[in-house]
Amino acid sequence: MVTFWVSVLAVSALLYVLLDGFDLGIGILFGLTRDEERRRAMVSAVAPIWDGNETWLVATGVVLWGTFPIVYATLMSAFYLPLLLMLAGLILRGVAFEFRNKTQRMRWLWDAGFAGGSLVAAFMQGTMIGALVEGLPIAHGEYAGGEFGWLSAFSVLCGVGLCLGYTLLGACWLIRKCDGEVRASAYRLIPYLSLALLVFLVVVFVYALAENLQVMGRWLDRPYLFAFPLVAAVAAIVLTVSVRHRRDGPPFSMGALVFVAAFGTLAVSFWPYMIPFSITIQQAAAPHSSLAFLFWGAGLVVFPLMLLYTVMSYRVFRGKVHPSSTYH
Amino acid sequence: MDSLAFLLSRLQFAFTISFHIIFPSFSIGLIAWLTVLEALHLATRRPVYRQVFEFWLKIFSVAFGLGVVSGIVMAFQIGSNWSDLSRMSGPIQGPLLVYETFTAFALEASFFGILLFGRSRVPPWFYLFSTAMVALGTTLSAYWIMANNSWMQDPVGYVMRNGQFVPNDWVAILFSPVLWVRFPHMLLASYLTGAFCVAATGAWYLLRGQFHAEARIMLSMGLYLAAVLVPLQLFFGHLNGDYVHDRQPVKFAAIEGRWHDEQPASEVLLAIPDPASETNKYAITVPVLGSVIGSMSLHSKEVGLTDFPRADRPPLIIPFFAFRIMVGCGLIMLLLAWLGTWLSRKGRLEQSRVLLWLIFLSFPLPFIAILTGWFTAEVGRQPWVVYGVLRTADAMTPFLTAHAALTSLIVFCSVYTLIFAFGVVYIYRLLRAGPAGGLVEPTPGAVPQRPLSVVDEPLEPTPRLVPVVTSAAHRRSTGNQPW
Chain W
1 MVTFWVSVLA
11 VSALLYVLLD
21 GFDLGIGILF
31 GLTRDEERRR
41 AMVSAVAPIW
51 DGNETWLVAT
61 GVVLWGTFPI
71 VYATLMSAFY
81 LPLLLMLAGL
91 ILRGVAFEFR
101 NKTQRMRWLW
111 DAGFAGGSLV
121 AAFMQGTMIG
131 ALVEGLPIAH
141 GEYAGGEFGW
151 LSAFSVLCGV
161 GLCLGYTLLG
171 ACWLIRKCDG
181 EVRASAYRLI
191 PYLSLALLVF
201 LVVVFVYALA
211 ENLQVMGRWL
221 DRPYLFAFPL
231 VAAVAAIVLT
241 VSVRHRRDGP
251 PFSMGALVFV
261 AAFGTLAVSF
271 WPYMIPFSIT
281 IQQAAAPHSS
291 LAFLFWGAGL
301 VVFPLMLLYT
311 VMSYRVFRGK
321 VHPSSTYH
Chain A
329 MDSLAFLLSR
339 LQFAFTISFH
349 IIFPSFSIGL
359 IAWLTVLEAL
369 HLATRRPVYR
379 QVFEFWLKIF
389 SVAFGLGVVS
399 GIVMAFQIGS
409 NWSDLSRMSG
419 PIQGPLLVYE
429 TFTAFALEAS
439 FFGILLFGRS
449 RVPPWFYLFS
459 TAMVALGTTL
469 SAYWIMANNS
479 WMQDPVGYVM
489 RNGQFVPNDW
499 VAILFSPVLW
509 VRFPHMLLAS
519 YLTGAFCVAA
529 TGAWYLLRGQ
539 FHAEARIMLS
549 MGLYLAAVLV
559 PLQLFFGHLN
569 GDYVHDRQPV
579 KFAAIEGRWH
589 DEQPASEVLL
599 AIPDPASETN
609 KYAITVPVLG
619 SVIGSMSLHS
629 KEVGLTDFPR
639 ADRPPLIIPF
649 FAFRIMVGCG
659 LIMLLLAWLG
669 TWLSRKGRLE
679 QSRVLLWLIF
689 LSFPLPFIAI
699 LTGWFTAEVG
709 RQPWVVYGVL
719 RTADAMTPFL
729 TAHAALTSLI
739 VFCSVYTLIF
749 AFGVVYIYRL
759 LRAGPAGGLV
769 EPTPGAVPQR
779 PLSVVDEPLE
789 PTPRLVPVVT
799 SAAHRRSTGN
809 QPW
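Protein chains in written order, with the working numbering: chain W, 1 to 328; chain A, 329 to 811.
Incorrect hints may appear among the rest.
[Stated by the list, open to error] Output of the computed footprint for chain W on chain A, the stretches with three or more beta carbons under 8 Å from beta carbons of chain W:
#	segment
1	352–359
2	428–439
3	495–502
4	727–740
[What the hints assert, rightly or not] Computed, partial: chain A to chain W, Cβ under 10 Å:
#	residue
5	390
6	393
7	562
8	565
9	567
10	569
11	675
12	692
13	744
14	746
15	750
The hints are simulated quantities; they were obtained by calculation from the structure and are not laboratory data.
This structure is a prediction, so every number in the text was calculated from the model and none was measured.
Glycine included, every Cβ here is placed at the ideal spot set by N, Cα and C.
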């Protein structure tokens, strides 16, 4: 039962990172251009799906509370400020999607909310992941780091890294969904983004070695972990080649694969801890009566339906979008 | 624990949840009414029903969307500000919230898609069925939320183990008698919200001399519905009072403004309670009525607030006044609904501009009643968060600082106010534009998961290209411009 719910949680979180990742990335790219034509194309490349993407964040949040309440309580309270900023960012960008088309006078406000909200949300997510990897200060099963315990050079670095990663995913998505100038500029951007991301990975690695982070020990204990960077490297190569040959399909899948590999790396190096090196999955799990109550309805019936629904909405939305006809 | 952080956290929760409840209560009522409307359309084939349906479907979309957006915060702030509560009650409250999220996703998102796109693609009976399914989805959402809150009012079906509430009887939790009087009370409140907003809109159009056919349907259906539902609501309100009387006597004493034991008890209709001297000033009371309301008897003894230690009493002022405002709103609604229905039966309603004005101005009443009802229930539960077991003060995140709590309060207040302002202006513009003209064609970019996308009405008044155009033609004429 515990295994089942860990898997559900992992799938929800991974889906959230992949799906909202690219649309947050597009939000960041949106802020980089002033051209209304391009902006509209970008919005229409995610308009029909972004809300569904964010559903996975709420799903992850509530499933975490219902199945691992101790982890939920610890993380939500430890990440008080970053969580607040992330939520404010997500709400602003969410309503900006709708309201920017309904006003001209105030459009600047919603545009700023869309780009700024996406950037802040992405940065805060990266920072929180960084703080988790570095290890949250926890004493007697409770967070003991104060208001800014999550803030460090390393976590900020991870925040920047995730923004880069999301932007790369966003650019790959634009290639897949758009034509013309938007697609061309995304192609131009990808080499720089990939290079920046590579530099980021090297810096993180060196930093982790220098600081002798506990996570690094995992790599020696569990050599099969090296499979993940290998997969990521192959994906990166395919991505580079297909960008060179201007093939629209593969870059996004490959970018997503890099993210899956990164997610897998984290998950396996944390295992069996949920909050690294202080709270394990078994310690955090809700009692059997809670997990079983959830399993027979939400887990067995509704969760597969949600997955199916997600797949279907992406199938309906496949192919290139034509901004002039699809979104006003 | 930082007591300022505690106060700010309570304020934040009160603010965000009060803000949030406005939208779901409106949309739950509206979609239920839309189901009735669609059934009438199917039965009578009168196109005007469809006209009204399509118009209110747009409003529903906006309200539904704002409810979803403002609800996201709820899933997270219980953990961030109330980490000890979420740690302890997670095994019970967590799963209830998972079911809420999952059923909402499964029923509302998928069938809402059919409401938007399916009119021409599915048979009429299936379209009606989809409307009913969306209504069922919102109703189930309300059920799970009420299950969650009712468990906090009257915790059942658990044992304490390792400092956690461990569920050992889900049937007791899901079918608790407290839940099954509170859930209908909330549902009826939502239906009344829908009914009064619809009737008020109808009255507004009639006063302006517009959209006559649609306005008459809105007005009469809204009023007839309210005329039946308000008495039913008063009955369920009474049942709620009974559970409070039996299970939360201290809350009951606070609501009644009863400081000391009385036998037989009088009923305080209005007063200015003075907590310092533990008496009521300028009280208007009715002898014996207190015993009748509390125990259905002429000589029962009713307990007063001073029977309980100070540390276990709720603050009296808020429940006392909030309850009276709620009941006052209910009585005004009853009067309006019955008077309106009576005049409407006699065919004289449309001549009575005074009553039309009153009905038009009555639309805030159900919202005020819902908010004050919740204030009564929640403030009256204090100082407990899980009644009788866990104090609110022990539920807060122990290390939360006033600084952090103030930051989040300010951020949420500003973000919510911004959205609220735009949302309300937007709904107002949709209502003002009215149901005239053609039927809504959703924009191609519109999708079920983005309810706000259904309507492409601009927020600002657009310069009219042709002096006299109906609003639908107007919409079409501006539709090609790059909004």
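Hints that the structure is at odds with (numbers, increasing): Per hint list: 1, 7, 8, 9, 10, 11 and 12 violated.
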